Amino acid sequence: MARMKFLCDSERCIECNGCVTACKNEHEVPWGINRRRVVTLNDGKPGERSLSVACMHCSDAPCMAVCPVDCFYQTADGVVLHNKDLCIGCGYCFYACPFGAPQYPSSANFGGRGKMDKCTFCNGGPEADHSEAELQKYGRNRLAEGKLPLCAEMCSTKALLAGDADQVSAIYRERVMARGFGSGAPGWATAYGKKG
Amino acid sequence: MSAIRITCLAAALGLLAGCNADERAHVVKLDKGTYAGAADTQLSDATRAVLRERAQLQRFGADLHQALRPSEPPPATAVTVDGRMAGQNY
Numbered sequence: 001m002a003r004m005k006f007l008c009d010s011e012r013c014i015e016c017n018g019c020v021t022a023c024k025n026e027h028e029v030p031w032g033i034n035r036r037r038v039v040t041l042n043d044g045k046p047g048e049r050s051l052s053v054a055c056m057h058c059s060d061a062p063c064m065a066v067c068p069v070d071c072f073y074q075t076a077d078g079v080v081l082h083n084k085d086l087c088i089g090c091g092y093c094f095y096a097c098p099f100g101a102p103q104y105p106s107s108a109n110f111g112g113r114g115k116m117d118k119c120t121f122c123n124g125g126p127e128a129d130h131s132e133a134e135l136q137k138y139g140r141n142r143l144a145e146g147k148l149p150l151c152a153e154m155c156s157t158k159a160l161l162a163g164d165a166d167q168v169s170a171i172y173r174e175r176v177m178a179r180g181f182g183s184g185a186p187g188w189a190t191a192y193g194k195k196g
Numbered sequence: 197m198s199a200i201r202i203t204c205l206a207a208a209l210g211l212l213a214g215c216n217a218d219e220r221a222h223v224v225k226l227d228k229g230t231y232a233g234a235a236d237t238q239l240s241d242a243t244r245a246v247l248r249e250r251a252q253l254q255r256f257g258a259d260l261h262q263a264l265r266p267s268e269p270p271p272a273t274a275v276t277v278d279g280r281m282a283g284q285n286y
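Protein chains in written order, with our numbering: chain A, 1 to 196; chain B, 197 to 286.
These are computed hints drawn from the structure, not numbers from a lab. Keep in mind that a hint or two might mislead.
Claimed, not checked - In the EDC-like style, the derived pairs of lysine to aspartate or glutamate whose C-alpha atoms are separated by at most 20 Å in a straight line are: (1) A/K115 / A/E145; (2) A/K84 / B/E249; (3) A/K115 / A/D43; (4) A/K158 / A/D60; (5) A/K158 / A/E28; (6) B/K228 / A/D85; (7) A/K137 / A/D70; (8) B/K225 / A/D85; (9) A/K137 / A/E174; (10) A/K45 / A/D70; (11) A/K24 / A/E145; (12) B/K228 / A/E11; (13) B/K225 / A/D70; (14) A/K158 / B/D227; (15) A/K84 / A/D129; (16) B/K228 / A/E28; (17) A/K158 / A/E132; (18) A/K45 / A/E11.
Claimed, not checked - Just the calculated beta-carbon pair ranges, DEER-fashion: (19) A/R3 / B/V224: 49 to 57 Å; (20) A/S59 / B/T237: 19 to 27 Å; (21) B/T230 / A/T157: 37 to 45 Å.
What the hints assert, rightly or not - Non-contacting residues of chain B with respect to chain A, defined by C-beta distances greater than 12 Å in every case (computed): (22) R201; (23) G214; (24) T237.
From a predicted model like this one, the values you see are computed outputs, not experimental measurements. Just so you know, even glycine gets a beta-carbon here, dropped at the ideal spot from N, CA and C.
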């Protein structure tokens, strides 16, 4: 059993936004919604870092904890998905998510947001795999085809890694050893009490 | 039965018939903390093995796109590939 995770190597990300474009194209995500986005810290200053951010498919996901209608579920491979038939568009998950992953497609009358939309780790939804309903509601199901999320597979510098957490961390560890210095990830020094 | 009752019954039936077909299957009973929606299809062990092979390709940035050439897809035994757009390489 795998535990699917994303990891963005900030030493490699060049803020090309290829991952954002690939995601929108693959899932035919409507105008105004970005399931993935590239965040740049210290823009234009020394120490600038870019990170590609989407749903991190948390092991103990706060969106799942706060959802009043329990529309979230976690697959056996650790992918956090939701059921749009159950979602009431309340926005609690948006407030709870530290990454700003949940998106809302419309601003209707009386403040209606529509059903929540977010990164599915290219794993579709509860509908039958590769069905028209799944495509319409959640986008493509690449995992069922034996393919990893397109954002990671498209990444030209291989900054964005996706897959089983054991494999992703092994690849990242190799890189850090080869570089001869720390990860360069923002917050590393704070988390581990020492500099890079 | 009075005319008022018949009118009310007809109105109620009319309202029910007017419900959105997509919303009739909604879960109306909530058991807090339990997902009550449709069950998802789990990945097979064969698919997981293919995904592990695929993840290993991320180790080698330069070779990745060659490894994913449409003419030479990675082994995808027991994985059915459906629903792709014509001419889509990835």
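Comparing the hints with the structure gives:
1. A/K115 / A/E145: violated, 26 Å
2. A/K84 / B/E249: Violated, at about 32 Å.
3. A/K115 / A/D43: violated, 33 Å
4. A/K158 / A/D60: violated, 27 Å
5. A/K158 / A/E28: Since the Cα atoms of A/K158 and A/E28 sit roughly 23 Å apart, the hinted pair is violated (cutoff 20 Å).
6. B/K228 / A/D85: holds, 17 Å
7. A/K137 / A/D70: holds, 18 Å
8. B/K225 / A/D85: At roughly 14 Å apart (the allowed maximum being 20 Å), A/D85 and B/K225 satisfy the hint.
9. A/K137 / A/E174: At roughly 38 Å apart (the allowed maximum being 20 Å), A/E174 and A/K137 break the hint.
10. A/K45 / A/D70: violated, 43 Å
11. A/K24 / A/E145: The given pair, whose Cα atoms are some 19 Å apart, holds under the 20 Å limit.
12. B/K228 / A/E11: With Cα atoms ~43 Å apart, B/K228 and A/E11 exceed 20 Å; violated.
13. B/K225 / A/D70: Roughly 11 Å between the alpha carbons, so the hint for B/K225 and A/D70 holds.
14. A/K158 / B/D227: Distance of about 43 Å is beyond 20 Å: violated.
15. A/K84 / A/D129: holds, 15 Å
16. B/K228 / A/E28: violated, 33 Å
17. A/K158 / A/E132: violated, 31 Å
18. A/K45 / A/E11: holds, 15 Å
19. A/R3 / B/V224: 49 to 57 Å: Given about 34 Å between the Cβ atoms, the range is violated.
20. A/S59 / B/T237: 19 to 27 Å: About 22 Å separates the Cβ atoms of A/S59 and B/T237, which means 19 to 27 Å holds.
21. B/T230 / A/T157: 37 to 45 Å: Holds, at about 42 Å.
22. R201: holds, 34 Å
23. G214: holds, 19 Å
24. T237: violated, 5 Å
The structure shown violates the earlier hints numbered 1, 2, 3, 4, 5, 9, 10, 12, 14, 16, 17, 19 and 24.
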